Structure formats: structure tokens, C-alpha cells
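*Asks:* Given next are the chains, with one letter for each unit.
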Amino acid sequence: MLSRIADSLFWLARYIERAEDTARILDVNYHMLLEQSQDSYQLRWEPLIVMAGEEHLFRRLYSEVNAENVFEFLAFRPDNPSSIIQCISKARENARTIRDCISREMWEDINGLYHMVGRFSPRDEIVAGPHRFCDRIKFGTHRFHGVTDATLPRDEGWQFLRIGWSLERAEMTSRLVDVQYQNLLDELPTTGTPDNHQWMAVLRSVGAVEAYHRQYHSSIEPEKVAGMLILNPQHPRSIRFSTTEVQSGLRAISGSDRGSYTNEAERLAGKVVERLSYDRIEEIFKQGLHSYLNELSAMFALIGSDIARNYFYYAVVA
Amino acid sequence: MKVLTWRLLEYYTAMEAARPRAMIPSLFAGYDLGNFYDEMFSRPGEPRRPYAKVFERLASISSEQFDERRKLADLSFLIQGITFTVYSDGRNTERLFPFDLIPRILANSEWRQIDRGLTQRVLALNLFLQDVYGKQCILKDGKIPRSLIYSCPYFVREMVGLEVPRGIFTHVCGIDLVRDSKTGEFYVLEDNVRTPSGISYVLENRLVLTRIFPDAFHASEVLPVDHYPAELSRILRSISPRGGDDAQVVLLSPGIYNSAYFEHSFLARQMGIELVEGRDLIVDGGIVFMKTIRGLQRVDVIYRRMDDEFLDPLAFRRDSLLGVPGLMSAYRSGNVALANAVGNGVADDKAIYAYVPEFIRYYLGEDPILRTVETYICAKPGDLNYVLGHLAELVVKTVGESGGYGMLIGPTADRKTLELFRNRISQNPRNYIAQPVIPLSRVPSYDVSSRRLGGRHVDLRPYCLFDGKKVVIVPGGLTRVALQRGSLVVNSSQGGGSKDTWVLRGEG
Amino acid sequence: MRPIHDERQSCLSFRITTTPQANGTTYLDAFGNSVYQFNVLREHRRLTIEAESIVLTHDLPESLAESPSLAELDSLKERLREEHFEFVAPTEYVPHLPELGEFIEAAEEMSGGKVIGFVQNLSDLIHKRFQYVPGATHVHSSIKDSLSISAGVCQDFAHLLLGAARMRGLPARYVSGYLVPTGAATPESKQEEVIGGQASHAWAEVLIPGRDWMAFDPTLGGPVGLRHVRIAYGRDYGDVAPVRGVYKGHAGQRLSVDVRVRPALDDEGREQLAKTTAAPTAPTIIERPQQPAQQQQ
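Chains as they are written, first to last, in our numbering: chain V, 27 to 344; chain X, -13 to 494; chain Z, 160 to 456.
Looking at chain V on its own, in the form it has when it is part of the complex (with noise of 0.2 Å):
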């Protein structure tokens, strides 16, 4: 397979996923902050903006944190380069050029989903809230993996896009867990008790708040939260099933057995997947969440990197 051709797939699925997360992010969190108190309206729009990772160029486009600022930052700033339409739009621009590589299904539908999302007004969904585009958007990723699960035969090109997919899943959830904790944290000695509204957020972003009830059956706590969402090894968007999915992807093509590895992703994935299948979360908050997160996520931007140079953009010895 061409390394033009396996970027390509990488990248249209983290830009796929990216754009998902970020739909979901912003439409639980817009809705739960709206119902909250003015005081700490400010504080409360923040965590999205750091969590997404574009703090400075967001406080150099707006002066003010508001409810508008951040929904038309996250969705529609076509300088914004993880804003939601540019997600989109770079997904659909690496499917075309791969088209011959996926399904002819598959191209319709990123198609689709493109011009569709190029139809919204900025101006009028701004008015009208989040829900309805962000539910629209999640729709279009939905069918997407839907389409990309029934057509794809799961050759080298399948397992890239699952890697590209699973690293953008691992490193959302790694970032929104470690800015809502610390945001919380901040929370505390103000109002005294958790936030357990913001906690379901986090789990409602995610399609968790169900799987937490019927393993948990107690009411929220966060350190049960973190615990699903980073170590628990069948939901589908915890840290380490996510990370599962990478090294099972990076060992598909390169033919690893279990137990060794053929390049540094390969190796740092495994170790990642090692700590998440052992750590407890008692342990892990011991550590400070805060900075186990940090790890895992320069972890994941090494895999990344990696993984470009191994396939991608290999540097070429003489």
C-alpha cells in the first residue's frame, strides 16, 4: 500500500472522530452549563476551549468566553484547524483523494455529510443551540463507521483507519477527563461538594451513563467515572480499550506476535495498554490524575508521531 494512500486513511479517520468528539463534547456541556448558575459562567466555558486544545487561538479571535463564542469556535472557525467544519472538510478532502480505496458507499457518505454541514448557517445555528447540528453531525459520523464497518474488507487500509480512529478516541478522552477533573477540583473548595452534573456530562458525552449505572449502581463519583472511562476494558470509549484497538491495528500490519514489538508505537502503545490493564484507580489518583493523563497523552502524540514516521513520512537513510 502507498504511504499517501495509509495517511490518507489515518487521517480521514481522526478527523472523523475528532469531529464526532467534539460535537459530543459541546452539545452535552452547552446544555448542562446553560441550566447552571451565572456566577461560574464563565469558568464553566473555558474547560471546552482547553480541551480542545486551542486556548491561544481562541483568546486571540475572542475577547469575551461566552456561550456563542465557543459554540461558533468549536463548530464553524474555519481558522480554527480542529473546528468541527475543518474536521469535516479534511475528512472529505482524504477521501477523495483515496477514493478508489474505500467503498464507493463510503465516499457518498463523507460526501454527503460534507455538503450537508456546508449548508448550516453559522448565524442561524449559533441562534438555535448546538443540538440540532451537533446531533446531525454525529448522525453523518455514525453512518460513516456503520458504512466503513460493512463494506470495508479489513485489509491494511481498514486497519489504519481503526488505528487513526482509536488514537484521536484515546487522546479526546485523555484530555476531557483531565481538563473536567481539574476543572472540578478548582470547583471544590467553593461549593464544597462534586459536581455531579458535570460529572454526567462527562459520561453523557461519551454514551457512558448507562454502562456506569450498571456497574457502579451508586450514584456518580468521580473517581468511578475516571475509572470507567480510563481502565475499563469493554466500553468502547474508554482510554484503554481504545488503545487496545491501536496496538491490536499497529500489529495487524506489521505481523507482531503478542508479547514483542516491530517499531516504537508498536512499543510505546503496548506499554500504554500494560499500564492501563494493571493500574488501579486508587493508584492512579495517588499518582495525580493530572499527570498520569499528561503521560498518556504525550504517549499518544509519540504514537502518532510514529507511526508517520514508520509509514508515512519515513526519513530515508542513505
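Calculated from the structure, these hints are not laboratory results.
Quick caveat, the model's predicted, so the values are computed rather than measured.
Positions of the beta carbon are idealized from the N, C-alpha and C atoms, including for glycine.
You may find that some hints are simply not true.
Here are the simulated distance ranges between beta carbons [stated by the list, open to error]:
id, chain 1, residue 1, chain 2, residue 2, range
1, V, Ser129, Z, Asp304, 33 to 43 Å
2, Z, Pro382, X, Pro367, 33 to 43 Å
3, V, His157, X, Arg304, 23 to 33 Å
4, X, Arg304, V, Thr288, 19 to 29 Å
5, Z, Glu258, X, Arg304, 20 to 30 Å
6, X, Glu387, V, Ser129, 35 to 45 Å
7, X, Pro367, Z, Val298, 33 to 43 Å
8, Z, Asn182, X, Pro367, 48 to 58 Å
Computed cross-link-like contacts, SDA-like style, restricted to lysine to any residue with a CA-CA straight-line distance of at most 20 Å [what the hints assert, rightly or not]:
id, chain 1, residue 1, chain 2, residue 2
9, Z, Lys236, X, Lys456
10, X, Lys126, X, Phe141
11, X, Lys126, Z, Arg240
12, X, Lys456, X, Asp101
13, X, Lys126, Z, Phe190
14, X, Lys121, X, Asp101
15, X, Lys126, Z, Ala210
16, V, Lys164, V, Glu98
17, X, Lys366, Z, Leu239
A few chain Z residues that don't get close to chain V, going by computed Cβ distances all over 12 Å [claimed, not checked]:
id, residue
18, Ala210
19, Ile275
20, Met326
21, Val405
With chain V's structure known, arrange chains X and Z on it following the hints.
*Replies:* Below, chains X and Z alone, put in the same frame as chain V:
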């Protein structure tokens, strides 16, 4: 969707078979031969022998039934994505290449003559290219002016003295033929030996037609065309510098924004070779490699569907992002083979076309079998004067352009266009040639608005493959049809369409 | 970069080395010039190309034949154009411009009807009328530019002579090479220092009908002699650019280039463009990334 289409076809075929025979041939109602050679009819109502069976078929169905089939054919093309891209107004629109169901039919004897003529021509063109980039005997013997060669913008100096694998320059040629209504004979209109396209339509048209007119097709005993990809693949593998059976062959395409991309992708798939763009290739130490996820893989043969000037920014256009820096150095070192060779444009320069009969005599010692159209070369002062004086009567073309662009059809052009061309020709005469307007032959074609058949002008582009010894020509080729009544322009981007071309096993 | 080897000039030795090292190959182009081609794939910050040669120039005995007349030239025009089309036809750098007409007329008047005299006059006229001003034109300037400002560098001076000679029907070719400086301080050496010591030099050769190619240097105005070392021939500068290349690197990287041309006896330098091929560097990340990763373009 595909299955549904074929089921419907089966249904219609069965329905029609059950219909009583003596029906008014409403498709042909009002069909007029005009003053042109009609390929189907020698006289009104009298089909020529090769068309007898098809005429019978068409005469027994109504225009409604025909229309249904036409829609199904269009649908199947759409589903398969057989489109081409038109670049105008800055948008890229994908269009179906209109396909007309009525085939154009040639008797076997007629085709054999064409085949011999084309073979002769391909051999001569290849020898010419070997010579002009080698010893240049033909120049030394004064058979063609040196200045004409060296002023040709497609003459590539980098090719002088470069030895190509097996001496083959013209692996793939598309030679355009037209039948002159006055004489009923075929003439060569132009040669295309750089990157001729259209074979994908030939293959797809055949596929669709066999499913829509299966009985007429089988009854006529038509020679097959589907061996093209296998033949081309064989030739490509045979020019690999490393020899052996494991030649790594790739198809180099400018990418999805190229109007012929569908064909690139189609052929790559049919031949089972990798479709690459310039950025997938890299040259190291004079060897071409492909960037794959398993590392660099050596490339032996490049079937390049890209103009010379974009191939290598080091040798040609500096700003080309489509090419591979250093490709010419690898080519020169003999480490990679290119098909077609670089520099072929000097052989299909329309000003040099007039000398091809001379090439045939000079290199093969034979008289040309196929006739060429009288051509005025504006680079010659005498011809230039004539052309400027008779602009409204002539067809003027640029020497290197294909696709019908930059062409003037004198008799139908308005005064402004004539003035424009007068200026252009005067400023750069070397770039223009002129030919008399040829009354092209016509074949019945379906007119959607009137729901009847009408005569439409056609040309023929056979595809010739050359392996160094033998010329293999796919029987028939692409018949392009000017779908607009009275129009002589057959190119896809300007209102043209295509037909399936049948060469019969016998005479009909 | 390899000096020409013929009856008037012997290239006794030639070597090209590059740093980083590369295994290149050599071929002869359509004009008979030697071209060295190479590539460097691994990452590098600096590419050095060093060409060393030892050249011996020698005099040829003076030709005894008379210069052909301009009238003879006129009768041979068609044939010359046919046989030497490339060196008579206009090019992008050297279009046939009406402004050259006055030079042609003036040179003809003073020539006494002889071809060699005519070309020599052309060379002198250009030398007198145009000023040598580095930077007034650039490497891709055509004679249109130098004509409009009556200034240029040796490349332009040579192009001007080519244009005028060709318009008059004489085949003429561009010569790129080196001028070995005199070393001694003479009234001319100031200008020569600027030209030959620091740079490649360019001049022209014109085909005298019935004889051979004859060299003329409109930049210096004097005769072309033993200090002119020929490297390559072409129709114009475009055919003989000393170094041409393609490189790949991060956008935003600064490319700084230094080319030194040193005649074996002296020590100066001048800038020219040289580019290299390199693989992109992979980013190293140590801290938590603030921004999400993006696809490399």
C-alpha cells in the same frame, strides 16, 4: 442496483422477443441521409451488409422501447462512475460521457485494410522517433526540414542520444481516422502518440452494449476488444530494465483533478498495477522507488499518463509539483522504462504529420496504405498566405493541442473568431496548420428530443499497441460522435459522445 | 561545470565532490556539455558542491582566410537557418526585438561590408552603450529588461550580442565559463576583478560562414583569449545554468546559499542559487501537546 438493472434488461428483452415482427420502424421515421456517406445505409431504407442484422433489430422496436434501453445504459454508466471531468467556470463537474446505443459497424475486409495501414504508420512513427533522437539520418538526407523539428515545442532535447528500452517510443498510439463522404475512404486525421486516452470508454461501451443488445451482438459475430489490458500489461512488463517476471509496473497519473482520471484508475485496476502520483515516487542514485508502508520499493516501468513537461521539475517545468525530480536521470541511466517514451510530441506535431507518408517511404520502403488529409503548414510562407486568404473555408488547428481546443472551423465561425485566429496565426505561424473541411460520414444516432434516429458525424480512434516487433490493434476502437445535429466536433468536452465500434468476423 | 575539451582548450583534470557525499553520474547533453547529476536523500543542513579542474588554454594559428562579406551572408541565410536553426531562432531570453535594429545598422555601416568586422562592431557598440551594473537585472531577465535600462551583467551583454547577430542571420551561441583574473593591477583589472574573479563569466561565439565559431566578449570589449575558460555552450543562459536542483524541506526554513567560484590561482566568491534534496524532519515532542496534531501537508 446493478442486479436490478440487468434484471430489467432481461425483462425487456423477453418482452420484445414476444412482440410481432412487422412493426412500423418508428425509430427511422424521417431518417435523412443528407449529402453524406451514411455508414448504415447505402440508400434510404437499404442497410449496408454489415448493418443488416442490427437494422433488423432496430426496425422491430418502438422508440419508447429504445428509450428505455437508453436510460438503462445511462444508469449503468452512472453507477460505474464512468465520468470525465470538465473544467470550466472554475468548477469541476463530473459528466457522463454520452453513449449512443447504435453501434458503428465495419466489415472484416475493411478493417483489415485499416489494420495494415495503421501498423505501417506506427512502425514508421517509431522509427522516426528513434532516428530523430539518434542518428538523425532523415534530417541529413533532407527529407524533412531540420528547422521544423527543432522549432517543434515538443521536441525534447534531453532525449537526444538517450537509448530507450527495446527501441520502443510509441507503446500506445491513438490514430484518429475519418471517412470522407465524397470518396467513402478512410483518411488519417491525426496521430496521438503522447498520452492518447479513451480506451476505457471502448471497453466499458462494449460491456454495456453486449448486455443491452445481446442478440444483435451475438448474431453479428463481433471481434472482441477486452484483450487490451492484458496486451498492454504484457508490453509494459517486457520493457522492464531488470527483465524477469517480477517487473514492478506503475501507472503515473496527475491525480484526481485530471480529466482522464477515471481511465487511469480503470486501467490500473484492469492491469493489476499500482496507481501512483508523482509524490509517491522518489529517485535515489538513479533508481526510481515507490513509497509504501513497507519501505521503498523499486519501480521498473512507469506507464505515465502525464505530459512530458510535468514529468520532472529538474529537467522540464520547474514549477511542476506533479512530477518526480530526477526521473529523467533514472530514465537516462536505463534504470527505469517509461511508456510512452518522452519526446513523442515531435511525431504527432500536426505540422510534421504531413511528412508521415514520407516516413513510411523512407523507413519502410513502402507506399502509405492510409491516406492523409491535405495539410497547409503555416510555418511555410506559401502555405501561410493561402491559409490567411481562405480562413473561412478551412479547419485550423494548433500543432500540439488535442481535445478540439484551440480549433477553428472556418465555415461556421463568426467574424470576431476569424479575426482572432488571423492574429494568432500571424504572430506564431509555426503553431498552426489548416486542413480543408472534410464532410465526415454519419451513423444513425438517437436524438433525445425527437425520440428518433438522425445521422450524426463520426470519427474513429483505433488504439494501437507496439511491443517492438508487432503492432497489436484492438479491432475497431472508439467511435466518437458529434451529438449535435450538423456539428463536426466530436470531443467529449464539447458536446461529443461515443459509440461502440464493431468489427465483424466476416462481412456481415 | 566540466570545462570543455577541444582544440583550443584542454581539460587536464576534473573532479566534482559533494558534501554530503553522493554517487552521481555524468552524461552529455544535446549541446555536448557534460552534466553531473546526483541526489542526496538523507537529512542535511548544508550542501556543498565543489568542482575542481585544471585547464590549459592554447592559441590556434590565425586563420588566413578573408572574412566573408555581408552580401555572402545574405545569400547563405536560408541555409544557415536550416542547418543551425537552434542558434538562429529567437528564445525566451533572447527574443528578436526591433530595438536591436539600430545596433545592427550602426555596426553594419562601420563594418566595411565584412562579417567579422560587423560582429566586432556589434560587440564594441554593446560594450560602450551598456553599463555593467550587478543587480540591475536578475538571472531570469531577457534582453527586454537590459535594453530598457541600458545596463546589465555579462549574461545580458552576451544575450544582446546573440540577439543582434541572430537577427542579422548569423548563428550564435552562448558561452558560459570563467575569466581568470590577471593578478596584476591594470586599469581594466578593477572591472575584471568584479567579473572574472567573483563570478562565472559569459560571452558569445558567432559562426563565421566558411570558417568556424569565433568568440566575442561584449562585456569586456576586448578580444577573447587565453584567460577565457569555456565550460558550456547553449542557446542562452537557460541551457547552461551551472547548478539546478530541487529540495524538500519544512516550509519556513531559511535557505541560505553560498557559492564560491575560485579560479585555481585566486580566491573570491559570489552568490548563486543551489538547492538540495532532503527528507522532512520528524517533530520531537516532550511535553503535553497544547494543540491537537494535524496531518502533515
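*Asks:* All hints are to be evaluated individually against the structure, with a verdict given for each.
*Replies:* Right, here's what the structure says about each hint:
1. Ser129(V) with Asp304(Z): 33 to 43 Å: violated (56 Å)
2. Pro382(Z) with Pro367(X): 33 to 43 Å: 40 Å Cβ-Cβ, so the 33 to 43 Å window holds.
3. His157(V) with Arg304(X): 23 to 33 Å: This hint is violated: roughly 53 Å between Cβ atoms.
4. Arg304(X) with Thr288(V): 19 to 29 Å: violated (40 Å)
5. Glu258(Z) with Arg304(X): 20 to 30 Å: holds (28 Å)
6. Glu387(X) with Ser129(V): 35 to 45 Å: Because 38 Å falls inside the window, the suggested range holds.
7. Pro367(X) with Val298(Z): 33 to 43 Å: holds (36 Å)
8. Asn182(Z) with Pro367(X): 48 to 58 Å: Once the Cβ atoms are compared, 52 Å apart, the range 48 to 58 Å for Pro367(X) and Asn182(Z) holds.
9. Lys236(Z) with Lys456(X): violated (44 Å)
10. Lys126(X) with Phe141(X): holds (17 Å)
11. Lys126(X) with Arg240(Z): Given that 20 Å is the threshold and the Cα spacing comes to 15 Å, the pair holds.
12. Lys456(X) with Asp101(X): OK: Lys456(X) and Asp101(X) at ~12 Å, within 20 Å.
13. Lys126(X) with Phe190(Z): With Cα atoms ~18 Å apart, Lys126(X) and Phe190(Z) stay inside 20 Å; holds.
14. Lys121(X) with Asp101(X): Answer violated: Lys121(X) to Asp101(X) is near 29 Å, above 20 Å.
15. Lys126(X) with Ala210(Z): violated (37 Å)
16. Lys164(V) with Glu98(V): Distance ~17 Å between Lys164(V) and Glu98(V) Cα, so the pair holds.
17. Lys366(X) with Leu239(Z): Holds, at about 17 Å.
18. Ala210: holds (22 Å)
19. Ile275: holds (53 Å)
20. Met326: At roughly 50 Å from the nearest Cβ of chain V, Met326(Z) sits farther out than 12 Å, so the non-interface label holds.
21. Val405: holds (15 Å)
Comparing the model with each numbered hint stated earlier shows that hints 1, 3, 4, 9, 14, 15 do not hold.
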